[in-house]
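**Q** Next come the chains, spelled out residue by residue.
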Amino acid sequence: SQQGEEDPQALSIQEGENATMNCSYKTSINNLQWYRQNSGRGLVHLILIRSNEREKHSGRLRVTLDTSKKSSSLLITASRAADTASYFCARPNFGNEKLTFGTGTRLTIIP
Amino acid sequence: EPEVTQTPSHQVTQMGQEVILRCVPISNHLYFYWYRQILGQKVEFLVSFYNNEISEKSEIFDDQFSVERPDGSNFTLKIRSTKLEDSAMYFCASVEGGIYGYTFGSGTRLTVV
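Residue numbers (the working numbering), protein chains in the order written: chain A, 5 to 115; chain B, -12 to 100.
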């Protein structure tokens, strides 16, 4: 399978704590993307990291990429109740072809 | 911020009926996609569309499915004879070209009864 796999599948933390989600993939990439999905809603693009980047920040989000291990992680710092959602990593096949999504991490922030 | 718009948000249809799901991608985007997500499962690729033709399709996208860009702005997904297992959220997405994140619509929840 070329699909990414996230772990953990589910994560519950207290508001204010940091949440870390991991993603592994099997084939070469030129970029990897993270998306959020609130329950029953559409996917929202959070951050994109290119294959020649190791770390990227956007607000409270920090993404790392290790191409040698074919893995990425998404860190959400100082979590808020509104961060409760499913988070997916996704990678496009060679340019702008289809995005292949991972299985997702369901994050629950406990107020 | 530009959005991808999908209509309807929810459609209920009888098994065997035809449905058309509609999408208005972002105007300067060049690549268009349909995905689906069965409840509780992962997001699955259906089809990609570029330069007015299908560039790739998945095994799910069989002869019952078709896509069109009838007027240069709308992008439609048609299911000719719906089955119970077609019940899912269907998402349209577009991307400008180059290395950018994809913009997804809010989805159409299709329920086949």
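What the hints contain is simulated information worked out from the structure, not anything from laboratory work. All C-beta atoms in this analysis are idealised placements derived from N, C-alpha and C, irrespective of residue type, glycine included. Don't take each hint at face value.
[Said to hold, decoys possible] Within a straight-line C-alpha distance of at most 35 Å, the following computed DSBU-like cross-link-like pairs (lysine-lysine) qualify:
1) K29(B) x K74(A)
2) K73(A) x K60(A)
3) K60(A) x K44(B)
4) K65(B) x K60(A)
[Claimed, not checked] Here's a subset of chain A near chain B, in silico, CB distances under 8 Å, partners left out:
5) T31
6) N35
7) R64
8) L65
9) T88
10) F92
11) G108
**Q** Taking the hints in turn, state whether each one holds.
**A** To see whether the hints hold, each was checked on the structure:
no., hint, result
1, K29(B) x K74(A), "20 Å, holds"
2, K73(A) x K60(A), "17 Å, holds"
3, K60(A) x K44(B), "32 Å, holds"
4, K65(B) x K60(A), "39 Å, violated"
5, T31, "15 Å, violated"
6, N35, "5 Å, holds"
7, R64, "17 Å, violated"
8, L65, "13 Å, violated"
9, T88, "17 Å, violated"
10, F92, "7 Å, holds"
11, G108, "7 Å, holds"
Consistency with the previously given hints fails for numbers 4, 5, 7, 8 and 9, ordered from lowest to highest.
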